[in-house]
Amino acid sequence: MLSLLPQLLVSGVATGMLYALIALSMTVAYRATTIVNFGHGDMVMIGAYASYVLTVTLGLPFAFAFVLAIALLFILGWVTQRGLMQPIIAGPHLSLAMMALAIGYALRGAARLEWGNGVLSLPRPYPQAAFMVGSVVFTADDLVISGFVLVLLAALFLVFHVTPIGKVIQAVFQTQRGAALVGINVRAFHAGMWGAGAALGAVGGVLLALIVPLSPDIGVWTLVRGFAAMTLGGFGSLPGAVLGGLLLGIMEKLLGFYVSTVFIDITAYLVTILVLLIRPKGLFGQHATLRL
Amino acid sequence: MKGAPSTAPSAAAQLNARRAPSRRAFWLIPALLLPLPLWLDPYQQYVANLVLMYVPVGIGFNVVVGNLGLLAFSNVAFFGIGAYTSGVLMLKLGLPWWATIVPAGMMGGLAGCLASVPALRGVRLFYLAIMTLAFGELMRWVYIRWEPVTGGSMGMAVPAPSLLGWSLDSESHKFYAFLALVIVVIIATDRLLRSRFGRAFLAIKSNEEAAAAMGIPTDRYIVLGFAWGGFVVGIGGAMYAALVGHLTPTSFDLTELILQFAIIMLGGLGSLTGSVLGTIIVTALPELFRDLPGFEELAFGVMIVLVILFLPRGLASLLARAHPIFRDRYYRE
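Those protein sequence lines, which keep their order, are chains A and B.
Every number in my numbering is 679 more than the matching position in the first sequence, counting from 1.
Every number in my numbering is 509 more than the matching position in the second sequence, counting from 1.
The shape of chain A in the complex, shown without the other chains (with noise of 0.2 Å):
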């Protein structure tokens, strides 16, 4: 049983690292705007359907579409934030998180509208290979979604880090007026970091095509890993995101392995209940609840 536990934790991260991604292009745009995207799933779904269309409706060589989804994602993300979150941004919590939810709502409607119900799937651009390590088999999903992700995540720390964005990124975070006061463009800057929520959120869409079959209500399996990696970081620290959605990989396995199968499906719910019951700040998040 035991001597099980390598693979179990290789192939839990290279699921976590999905997950992580996600988590942060969710985390991205929460941190810029305050606002959670409950829509967001299905920005990713409709990623992973505009490279099937480009590569396999197309026929464009899939480097190209890759781009091309990200950047057709981008204006999607920036435009829905623009047209349709922008104009109720003042007011209640509730119509901002139904707002997101009923974009995410006609997106699904669309896809099915265009694609059915069937299932797709996107042909991968490199070999189906795997490898062995010691008794470990790391196959080529695993390693390309994981460099992918790593790569990602280092322009991200970058970006977020070392470049002016991360301190115009953590200025809004931290107060929308007083950024608005020392002269960056709130509204703008709003729409940039949804439009690039969604962009990140495609690669996510992409590298999930990969490995899963593609039908338009991937995107509510999406976002409740999301979210629950999200909550097990710590809603809004990137950092956070990223751990979160390895663990939950890795816990997703060995539940599944050493006590049931019938707990992967649930890992992330229960991870969800259980964190924002015991620790509803998540491991590195600030403050979430109210206290009267």
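Simulated from the structure, these hints should not be mistaken for lab results.
Incorrect hints may appear among the rest.
Where chain A lies over chain B, by a calculated footprint (3+ residues, C-beta under 8 Å) [stated by the list, open to error]: (1) 639-648; (2) 801-814.
Partial chain A-side listing against chain B, Cβ under 10 Å, derived [unchecked claim]: (3) Phe717; (4) Ser774; (5) Arg791; (6) Leu956.
Far from chain A, by Cβ distances over 10 Å, these chain B residues were calculated [stated by the list, open to error]: (7) Leu545; (8) Tyr552; (9) Ser671; (10) Ser679; (11) Arg705; (12) Phe706; (13) Ala712; (14) Leu752.
Every value quoted in this text rests on a predicted model; they were computed, and no experiment measured them.
The C-beta atom is built at its ideal place from N, Cα and C for all residues, glycine as well.
Fit chain B to the supplied structure of chain A, relying on the hints for placement.
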């Protein structure tokens, strides 16, 4: 305001305008609905029953989200728990359907109390939303895995419903039973919302800290709001079990949740009229587009977006503008 005078109105006229109109006229609606089964074919009758079934579901949801102002996504859990309670009591204990209505509501209410626990621990906003969402999905997992009781993912066939020995074997029989239940639910919820409970809900919604500072025991009212919401939705679940006769876990997934959200968002948050109006739109409309999968989601998504942008108080606010009887005012200014 039709014919608002350009000059300053007299004090008496002002008082008159403030007084809520008599709402006895609402009894016309069920009276007009009574002969409806004479004209409808069985399928249309089924859709009418579906609308009636969703009315308590929308009302219960709206009490928590619209009146109490808490972003709780656990409504489908209450709905499913009510439906499965009713189904299990009928199938395993052989109870008649009418005897399962109150237990289904009670179980829904109990689930409501359970779902209010995070809110009492201070979890708010989207944290609460995510947590209650997880609760709903966890319940769906329970329906799938607790096979001996729920029949697993294959579902469970529910015996034909009956009311006090009178068998509800046709859709029109169900219609009258549902209509009576819906009237009771609407009157009870209306009474609750117009009492000090309803005013406390509104106080909590507008400013929880201020409400607590004024001496309103906010915790108690939050539990009560969730319990009432769960109770009413549980009754809707019992009606669902009677209506469709077969319960499967897929009926209680996130798609269902968003559909129920569409009801209260389109109808109008915090408005009883809105819950009913939203139910009619959201339940009856998809039946026209059954052949286009996805169209309903797209249409409702776009409609919710438009309502949030241009009619923040929902479609019920149009009715309220047309006639003061539709206004939901739970206090005097």
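Now for the hints, and whether the structure bears them out:
1. Here the region 639-648 of chain B counts 7 residues with a CB under 8 Å from a CB of chain A, which clears the bar of 3, and the coverage holds.
2. A count of 13 residues in the region 801-814 of chain B with a Cβ less than 8 Å from any Cβ of chain A is obtained; the coverage claim is therefore met, three being the minimum.
3. Because the smallest distance between the Cβ of Phe717(A) and any Cβ of chain B comes to about 7 Å, under 10 Å, the interface hint for this residue holds.
4. Evaluation of the Ser774(A) hint against chain B yields a held restraint, the C-beta minimum of about 5 Å falling below 10 Å.
5. Checking Arg791(A) against chain B: minimum C-beta separation of about 3 Å stays under 10 Å; hint holds.
6. A hinted interface residue such as Leu956(A) counts as satisfied when its beta carbon comes closer than 10 Å to some beta carbon of chain B; here the least separation is about 6 Å, so the hint holds.
7. Non-interface call for Leu545(B) relative to chain A: holds, since the shortest CB-CB distance, roughly 31 Å, exceeds 10 Å.
8. Every beta carbon of chain A lies more than 10 Å from that of Tyr552(B), the smallest distance being close to 23 Å; the non-interface claim holds.
9. For Ser671(B), the non-interface assignment is confirmed: its Cβ lies about 36 Å from the closest Cβ of chain A, beyond the 10 Å cut-off.
10. At the 10 Å boundary, the C-beta of Ser679(B) stays outside the reach of chain A, the nearest C-beta of that chain being 33 Å off.
11. Every C-beta of chain A lies more than 10 Å from that of Arg705(B), the closest at about 19 Å, which supports listing it as non-interface.
12. At roughly 18 Å from the closest C-beta of chain A, the C-beta of Phe706(B) stays outside 10 Å, upholding its exclusion from the interface.
13. No Cβ of chain A approaches the Cβ of Ala712(B) within 10 Å, the least distance being about 13 Å, so the stated non-interface status holds.
14. Annotated as non-interface, Leu752(B) keeps its C-beta farther than 10 Å from every C-beta of chain A; the closest such distance is 24 Å.
In summary, this structure violates none of the numbered hints.
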